[in-house]
Amino acid sequence: MASTGGRPRIDRVTATPAALAALARLRERRGAVLLYQSGGCCDGSLPVCLEQGDLRIGDGDVLLGLVGGCPVYIDNRQYAVWKHTQLIIDVGEGEPEGFSLPAGDGRQFVTRSRVFSPAELASLQETGASCRFTEGEPSS
Amino acid sequence: MSVTTAAGAKVYQAPGEAGSPVDVKARYENFIGGHWVAPVHGEYMKDLSPANARQFTEVPRSTREDIELALDAAHAAKDAWGETSLTERARILNRIADVIEEHTEMLAVAETWDNGKPVRETLAADIPLAADHFRYFAGETRALTGTSTEIDKDTVAYHFHEPLGVVGQIIPFNFPLLMAAWKLAPALAGGNCTVIKPASSTPWSILKLAELIGDVVPPGVLNIVTGPGGEIGKALATSRRIAKIAFTGETVTGRLIMQYAAENIIPSTTELGGKSPNVFFADVMDRDDAFLDKAVEGLVLYAFNKGEVCTCPSRALIQESVYDRFMERCLDRIGRIRQGNPLDVSTQMGPQNSRQQLDKIMSYVDIGLAEGAELLIGGKQPELDGELADGYFFEPTVLKGHNKMRVFQEEIFGPVLAVTTFRDEAEAIEIANDTLYGLGAGVWTRNGNLAYRMGRAIKAGRVWTNCYHQYPAGAAFGGYKMSGVGRELYRETLTEHYSQTKSLLVSYSDQALGLF
Numbered sequence: 001m002a003s004t005g006g007r008p009r010i011d012r013v014t015a016t017p018a019a020l021a022a023l024a025r026l027r028e029r030r031g032a033v034l035l036y037q038s039g040g041c042c043d044g045s046l047p048v049c050l051e052q053g054d055l056r057i058g059d060g061d062v063l064l065g066l067v068g069g070c071p072v073y074i075d076n077r078q079y080a081v082w083k084h085t086q087l088i089i090d091v092g093e094g095e096p097e098g099f100s101l102p103a104g105d106g107r108q109f110v111t112r113s114r115v116f117s118p119a120e121l122a123s124l125q126e127t128g129a130s131c132r133f134t135e136g137e138p139s140s
Numbered sequence: 001m002s003v004t005t006a007a008g009a010k011v012y013q014a015p016g017e018a019g020s021p022v023d024v025k026a027r028y029e030n031f032i033g034g035h036w037v038a039p040v041h042g043e044y045m046k047d048l049s050p051a052n053a054r055q056f057t058e059v060p061r062s063t064r065e066d067i068e069l070a071l072d073a074a075h076a077a078k079d080a081w082g083e084t085s086l087t088e089r090a091r092i093l094n095r096i097a098d099v100i101e102e103h104t105e106m107l108a109v110a111e112t113w114d115n116g117k118p119v120r121e122t123l124a125a126d127i128p129l130a131a132d133h134f135r136y137f138a139g140e141t142r143a144l145t146g147t148s149t150e151i152d153k154d155t156v157a158y159h160f161h162e163p164l165g166v167v168g169q170i171i172p173f174n175f176p177l178l179m180a181a182w183k184l185a186p187a188l189a190g191g192n193c194t195v196i197k198p199a200s201s202t203p204w205s206i207l208k209l210a211e212l213i214g215d216v217v218p219p220g221v222l223n224i225v226t227g228p229g230g231e232i233g234k235a236l237a238t239s240r241r242i243a244k245i246a247f248t249g250e251t252v253t254g255r256l257i258m259q260y261a262a263e264n265i266i267p268s269t270t271e272l273g274g275k276s277p278n279v280f281f282a283d284v285m286d287r288d289d290a291f292l293d294k295a296v297e298g299l300v301l302y303a304f305n306k307g308e309v310c311t312c313p314s315r316a317l318i319q320e321s322v323y324d325r326f327m328e329r330c331l332d333r334i335g336r337i338r339q340g341n342p343l344d345v346s347t348q349m350g351p352q353n354s355r356q357q358l359d360k361i362m363s364y365v366d367i368g369l370a371e372g373a374e375l376l377i378g379g380k381q382p383e384l385d386g387e388l389a390d391g392y393f394f395e396p397t398v399l400k401g402h403n404k405m406r407v408f409q410e411e412i413f414g415p416v417l418a419v420t421t422f423r424d425e426a427e428a429i430e431i432a433n434d435t436l437y438g439l440g441a442g443v444w445t446r447n448g449n450l451a452y453r454m455g456r457a458i459k460a461g462r463v464w465t466n467c468y469h470q471y472p473a474g475a476a477f478g479g480y481k482m483s484g485v486g487r488e489l490y491r492e493t494l495t496e497h498y499s500q501t502k503s504l505l506v507s508y509s510d511q512a513l514g515l516f
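Protein sequences appear in the order of chains A and B.
Reading the first sequence from the start, the letters are residues 1 to 140 in the working numbering.
Reading the second sequence from the start, the letters are residues 1 to 516 in the working numbering.
Everything labelled a hint here was simulated from the structure, so no lab data went into it.
Errors might be hidden in some of the hints.
Simulated restraints, written as ranges between beta carbons of each label pair [said to hold, decoys possible]: (1) Glu162/B x Arg114/A: 51 to 57 angstroms; (2) Ala32/A x Thr149/B: 51 to 57 angstroms; (3) Pro118/A x Asp324/B: 26 to 32 angstroms; (4) Pro17/A x Arg453/B: 53 to 59 angstroms; (5) Ala32/A x Asp293/B: 23 to 29 angstroms.
Note that the Cβ used here is the ideal one computed from N, Cα and C, for glycine as well.
Between the sequences and the hints, there should be enough to build the whole structure, so can you do that?
Here is the structure:
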């Protein structure tokens, strides 16, 4: 939970210091990157890290928020069944199997999750934070 | 080749150890143009066995340049292979099947060591099914016919199946050899040359296969390049030198595959997983007989290949009137699953494929519990002795909850079953279809009419009826909804996904149209 302008704000996505450091290193080396929460087979629960502009972002994509200036997206169909949880971007052991950029040093980005409390969920609804953020390109 | 323990169980020696059916070199290379070729940049990556988390060999960490070399070899071979007679192509596919079968034990042990799946599964399923897959497409190739259509008395349309040329194929870690067979057999049957990328965590067994079939397949027809997906998978998928791309894996990479294919205007096929419902109606408990025993096993099949299956029956829907009695039997069976050394033929469940898979599974159990699910069994790592203590083992687990929980909505890719109840047929259909995916499903009932209605109502590419986890060649496999696009395992894979259709429209008349 972060505070902006005195009003408590609940983030739909956050990142650990290790993930933020890995994203910063990637940005230095490859330019702006994004994370897209995957689904399905094999590595389906991982956030896929891509250079911005690689994946075409469309109307069906939900911007969950920014972590260290890096936008984090999810498919709106998946969002509908994930939205009661906060995503925490971290790094873990292993090489990505899909087309994700690795996090460096034999590590990859992973998603950890936390179930929002009823109070947090109510607050998210009040502040409208559960609606889509797709308008406007995020800065990185 | 193996030792017998005091308990009478057969245990294979690990690859590289004295007495093992598999030898291991310290390093492997890419298989390109019929030769073993070192990666251009000379970099390699470790291959670990998930049974003990130790490195046993290394394979190329290839780059874009290596993909180009493989594409060079494939393009050099494609004209001759494309013109090879159906008889000869079928003979070569049958020969591949024979070689696989002759080396079943070696390939099964290699597969088990690279992936972690128990050798009783690789001996009984993975390797025999891989061999049969080549035989099936050998048969389809030998029997392949075009059509001719009499448009009118003097005009005939002849339809030929022609090869696409060079195709790219990217396969997953859960069935490294069987998925290779699913991809390679129809591609080669269609007269195509392929560049195939195995998964980063299981690159080795397909290289062992290449050692065996390297001189069976003409040089350049089969090319294998290992390395990171973000580097060489992307280089392959974006290449303008491929005529088709096939992929099995997660949805975002699947979406990239389709996007790159759109940019190059080539076809793609994708298999992207599922969250398959396994539906048990009350009448399975009508009698205590062989069918009930089969149904109980049908539920426990979520632990097959430690749950690392695209079609894992990871949601069990049980009619509420029999829930307690049915689950009691299932939990008893689950509690008796033997975990341990995957090279022991009595072991029923091996380790997960990698540390990251294990971590993910544990985090999902935590999410499920936080969402209010009830843990019925498992939920932790088993305590194993010796070097297995470092392996990526997880106990078969059951969580009871409801279908809106994330553990019911996401593919965990582990031995975690999410179980819930339903009142009647309508609610069973509603819950079964309340998912983003539609790859597999199971229906269990003694009532044939009900089974048929359910099978048609469930939106999934494969509905197993009074069975589960059977993958015979000849039965179409593929997804509805976000589970992907395309079908594998049957004739149309060859004729629709790995062939062009050429229509030769011929006039046998001397009469002009008379328009000009």
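For each hint, the structure was consulted:
In this structure the hint that Glu162/B and Arg114/A lie 51 to 57 angstroms apart at CB holds, the actual value being about 54 angstroms. Look at Ala32/A against Thr149/B: about 54 angstroms separates their beta carbons, and that is inside 51 to 57 angstroms. With their beta carbons about 30 angstroms apart, Pro118/A and Asp324/B fall inside the hinted range of 26 to 32 angstroms. Checked against the hint of 53 to 59 angstroms, the C-beta distance between Pro17/A and Arg453/B comes to roughly 54 angstroms, which is consistent with it.
Taking 23 to 29 angstroms as the suggested C-beta distance range, the pair Ala32/A and Asp293/B does not conform, at roughly 58 angstroms.
Of the numbered hints given earlier, the model fails hint 5 alone.
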